[in-house]
Amino acid sequence: MGEHIVQLERATKAFALPEGGTITALHGIDLDVERNEFLTLLGPSGCGKTTLLHAISGFVQLDAGKVRIDGDDVTERPPHRRPVNTVFQNYALFPHMSVGSNVGYALDIARTDRKERNQRVGSALELVGLGGLENRLPRQLSGGQQQRVALARAIIARPKLLLLDEPLSALDRNLRQAMQIELKTLQAELGISFIFVTHDQEEALTMSDRLAVLNKGLIQQIDTPRTVYDRPTNAFVASFIGASNLFEGTVRRSSASTTVATADGLQIEAACAGGWKPGDGAAATALIRPEQFALAGAGATGPTIEIAIEQVVFTGLTFQIHGHTASGRKIVAIIAAIRRADVAQAEKDGKVRLGYDPAAVHLLPDDAPAANEAVAGVAA
Amino acid sequence: MSTSSLHRRRLAHLGILLGPASGFLAIFFLCPLVIMLVYSFLEPGLYGGAEWVFYPDNYGRILGFANPDFEVYDPVYIAIFLRSLRIALVTVAATLLVCYPAAFQISRLPSRWKNFALFLITLPFFASLIVRLFIWVLILKKTGFANMVLTSLHIVSTPVELIYTEGAIVIGMVYVFIPFMFLPVYASVEKLDWSLVRASQDLGANGFQTFWRVIFPLTLPGVIGGSIIVFIPALGNFIVPAVLGGAKVMMLGNLIEQQFLGARNWPFGAALAMLVMAAVLAILFFYIRFEARRGDDAPVLR
Ligand SMILES: Nc1ncnc2c1ncn2[C@@H]1O[C@H](COP(=O)(O)OP(=O)(O)OP(=O)(O)O)[C@@H](O)[C@H]1O
Ligand SMILES: [Mg+2]
Chain A
1 MGEHIVQLER
11 ATKAFALPEG
21 GTITALHGID
31 LDVERNEFLT
41 LLGPSGCGKT
51 TLLHAISGFV
61 QLDAGKVRID
71 GDDVTERPPH
81 RRPVNTVFQN
91 YALFPHMSVG
101 SNVGYALDIA
111 RTDRKERNQR
121 VGSALELVGL
131 GGLENRLPRQ
141 LSGGQQQRVA
151 LARAIIARPK
161 LLLLDEPLSA
171 LDRNLRQAMQ
181 IELKTLQAEL
191 GISFIFVTHD
201 QEEALTMSDR
211 LAVLNKGLIQ
221 QIDTPRTVYD
231 RPTNAFVASF
241 IGASNLFEGT
251 VRRSSASTTV
261 ATADGLQIEA
271 ACAGGWKPGD
281 GAAATALIRP
291 EQFALAGAGA
301 TGPTIEIAIE
311 QVVFTGLTFQ
321 IHGHTASGRK
331 IVAIIAAIRR
341 ADVAQAEKDG
351 KVRLGYDPAA
361 VHLLPDDAPA
371 ANEAVAGVAA
Chain B
1 MSTSSLHRRR
11 LAHLGILLGP
21 ASGFLAIFFL
31 CPLVIMLVYS
41 FLEPGLYGGA
51 EWVFYPDNYG
61 RILGFANPDF
71 EVYDPVYIAI
81 FLRSLRIALV
91 TVAATLLVCY
101 PAAFQISRLP
111 SRWKNFALFL
121 ITLPFFASLI
131 VRLFIWVLIL
141 KKTGFANMVL
151 TSLHIVSTPV
161 ELIYTEGAIV
171 IGMVYVFIPF
181 MFLPVYASVE
191 KLDWSLVRAS
201 QDLGANGFQT
211 FWRVIFPLTL
221 PGVIGGSIIV
231 FIPALGNFIV
241 PAVLGGAKVM
251 MLGNLIEQQF
261 LGARNWPFGA
271 ALAMLVMAAV
281 LAILFFYIRF
291 EARRGDDAPV
301 LR
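For the record, the sequence lines run as chains A and B.
For what it's worth, our numbering labels the leading residue of the first sequence as 1, then goes sequentially.
For what it's worth, our numbering labels the leading residue of the second sequence as 1, then goes sequentially.
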């Protein structure tokens, strides 16, 4: 028994389009999922997330490559013989069956002893907080309750791996946050691996042990949420996760400092602690997250950027300052709400000087073809 | 505006919307029905027509309680009734067998081919029913196409009797009623949510289990609807047996027609017609009971 619950080896899948031609949904993906891991797949619509899940559950036959589950090669196995269960994007509850029959479906198929079956259905519903609702019909439940039934149905057979395809996308914000925490707790309790698909970057950051960012059928980066956020490997990941200020330019390297000089005359200083260290003259993009800006007072040391303020948005915890530099480059900064007096002053002045710590500036290689393609994909 | 005037306005709207149809049905459906019902309890006149006397023996003649002074109970009528029932049921089963798999095939075609297939299914409606049935006569008769093939392949040595049999009637009925079965079945198959099928497989069900537990129950409304739409006209059908059954194999429709036109015994014809209707109503009643019981847990229509 290997330590990986799932291994994909160069998984490739192309679909024929009705109007002719093909679209590659999986581009030779390698992926190892650890036991008990909560792995999130994040990416824009159409990047291949569902196809990747279906390759694991067996609804998509790969053109090339291998799928291993718990060490067994299941590439040729039909879905009903794979030790995997799925929570579907639209729940896919059987409308003609009661909640109890929905949840007990896998056990009924496996001809589990009646008494054990009823007892397990009861405790699965208990686990998702729906105890006693066995006799309801799916459409007599709210969206959140239906989602829990789908969850109970998927875990009752104690699969080795649970696949969740945007299970929370139909819920409202409060319910969604509650379910996020419940899912996390449940995963720890059950001790099984989850592969979770979402569009929502905040959800991805809060829930995952590891995060895989997909674009155009390729994994752009797979790492812990913090690393992906702080040290994105390319501009696509940087702009897809969190808001970002990107400064593309040329590296000027001296013994004392590294700066990125942009075409419109900005000099962004970077400490290059850890991570990528480009040589002098290389093309690079500097990334500054909005929350890494601070209001620079009169006696500020360190590098600064001056912007003209377009708009200040108050969100409760923070102020979002939207503005542009002298050359017209858009900048977003997030300032903690305690600095309200200074923000009010800046708003009155119509301009503000933003300071940043060179150690927090992250440099991205500019010429990675995947990254360029990725950005183009988002713009399209 | 007060609630009662709102209520009155609603009623007025309903009246306008339902009035014409109700009036039409009252005059052209209910009245003839009542006339038929009354006729079925009258004494047949000596030279056609009816005498105004209460006369239950029309029913007695069929069901076996006739007063032998006036009418003779003859089991042949029950036999014809049972044969009609049998032919109608076989027709339902056979059309279902053809249409159900076909509906799945067609629903998965690309939309251009799908529309073309639907057009083909409705194509027979463009030609006269009588003409189409006489083509079956040409195929099935002693010197017809079917016998030609059978003899030239040496499956039979002399031409066999194909036409004027119960088999010929069933073939004709299935042929006529396929579009009626297909459309409701197709409507429910087309609506089937395939993600439910995937969910079933995901939970460990093989193809057979998925069919019986998910696909069949969810398409059952179409199957039942189609069966009823085929069964009712098949039971009382008279054109198909008239053309393909000839004088040898008679169904209820032909018997009724014969009583009204040939024998000029309107009361007896009316009694036969009432029995057909009673059978159909009984079946509809069970169907409605079934629907009502399912009521709440009927599949959500999407
Ligand atoms: N059965 C199919 N036939 C043809 N193309 C398909 C099929 N399934 C998926 N695709 C295409 O493959 C690509 C990836 O699809 P996929 O469903 O995996 O995207 P996704 O990342 O799940 O998107 P979303 O976030 O919108 O659910 C898309 O461009 C899609 O149009
Ligand atoms: Mg998807």
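The hints are simulated quantities; they were obtained by calculation from the structure and are not laboratory data.
It cannot be assumed that every hint is accurate.
Stated by the list, open to error - For lysine to any residue, the following SDA-like pairs were computed, each having C-alpha atoms within a straight-line distance of at most 20 Å: (1) K216(A) x R35(A); (2) K330(A) x G316(A); (3) K191(B) x R139(A); (4) K142(B) x L14(B); (5) K191(B) x N90(A); (6) K114(B) x L129(B); (7) K191(B) x K141(B); (8) K191(B) x E19(A); (9) K114(B) x P18(A); (10) K141(B) x R112(B); (11) K248(B) x P124(B); (12) K191(B) x L17(A); (13) K248(B) x T165(B); (14) K114(B) x E76(A); (15) K115(A) x R139(A); (16) K114(B) x E19(A); (17) K191(B) x K160(A); (18) K160(A) x R353(A).
Unchecked claim - Label pairs and their calculated CB-CB ranges: (19) W194(B) x I23(A): 38 to 46 Å; (20) E291(B) x I181(A): 54 to 62 Å; (21) R340(A) x R9(B): 54 to 62 Å.
Ideal Cβ placement from N, Cα and C applies to all residues, glycine included.
Hints and how they fare:
1. A hinted pair counts as satisfied when its Cα atoms are at most 20 Å apart, and K216(A) with R35(A) does not qualify at roughly 27 Å.
2. Among the hinted pairs, K330(A) with G316(A) is inconsistent with the structure: their alpha-carbon atoms are about 23 Å apart, more than 20 Å.
3. Our distance criterion of 20 Å between C-alpha atoms is met by K191(B) and R139(A), whose separation comes to about 17 Å.
4. Distance hint between K142(B) and L14(B) is unfulfilled; the C-alpha atoms sit about 59 Å from each other, more than 20 Å.
5. Restraint check: the Cα-Cα separation between K191(B) and N90(A) comes to about 16 Å, which is no more than 20 Å; the hinted pair holds.
6. In summary, the hint linking K114(B) to L129(B) is not supported, as the alpha carbons are separated by about 25 Å, beyond the 20 Å threshold.
7. Our distance criterion of 20 Å between C-alpha atoms is broken by K191(B) and K141(B), whose separation comes to about 42 Å.
8. With a C-alpha separation of about 24 Å, the suggested pair K191(B) and E19(A) falls outside the 20 Å cut-off, and the hint is violated.
9. Of the pairs offered as hints, the one joining K114(B) and P18(A) holds, with about 14 Å between alpha carbons and a cut-off of 20 Å not exceeded.
10. Distance hint between K141(B) and R112(B) is unfulfilled; the C-alpha atoms sit about 39 Å from each other, more than 20 Å.
11. With a C-alpha separation of about 27 Å, the suggested pair K248(B) and P124(B) falls outside the 20 Å cut-off, and the hint is violated.
12. Restraint check for K191(B) and L17(A): not satisfied, since their Cα atoms lie roughly 23 Å apart, outside the 20 Å limit.
13. A threshold of 20 Å between alpha carbons decides the hint, and for K248(B) with T165(B) the separation of about 7 Å falls inside it, so the pair holds.
14. For a cut-off of 20 Å, the pair hint linking K114(B) to E76(A) is broken: about 31 Å separates their Cα positions.
15. For the given pair, K115(A) sits about 27 Å from R139(A) by alpha-carbon distance, which is inconsistent with the 20 Å threshold.
16. Restraint check for K114(B) and E19(A): satisfied, since their Cα atoms lie roughly 16 Å apart, inside the 20 Å limit.
17. Simply put, K191(B) and K160(A) have alpha-carbon atoms about 33 Å apart, too far for the 20 Å limit, and the pair is violated.
18. Taking the CA atoms of K160(A) and R353(A), the gap is about 54 Å. The hint is violated against a cut of 20 Å.
19. Distance hint check: the CB atoms of W194(B) and I23(A) are about 20 Å apart, inconsistent with the given range 38 to 46 Å.
20. At about 44 Å, the beta-carbon gap between E291(B) and I181(A) misses the expected band of 54 to 62 Å.
21. In this structure, R340(A) and R9(B) meet the distance hint of 54 to 62 Å, their C-beta atoms being roughly 59 Å apart.
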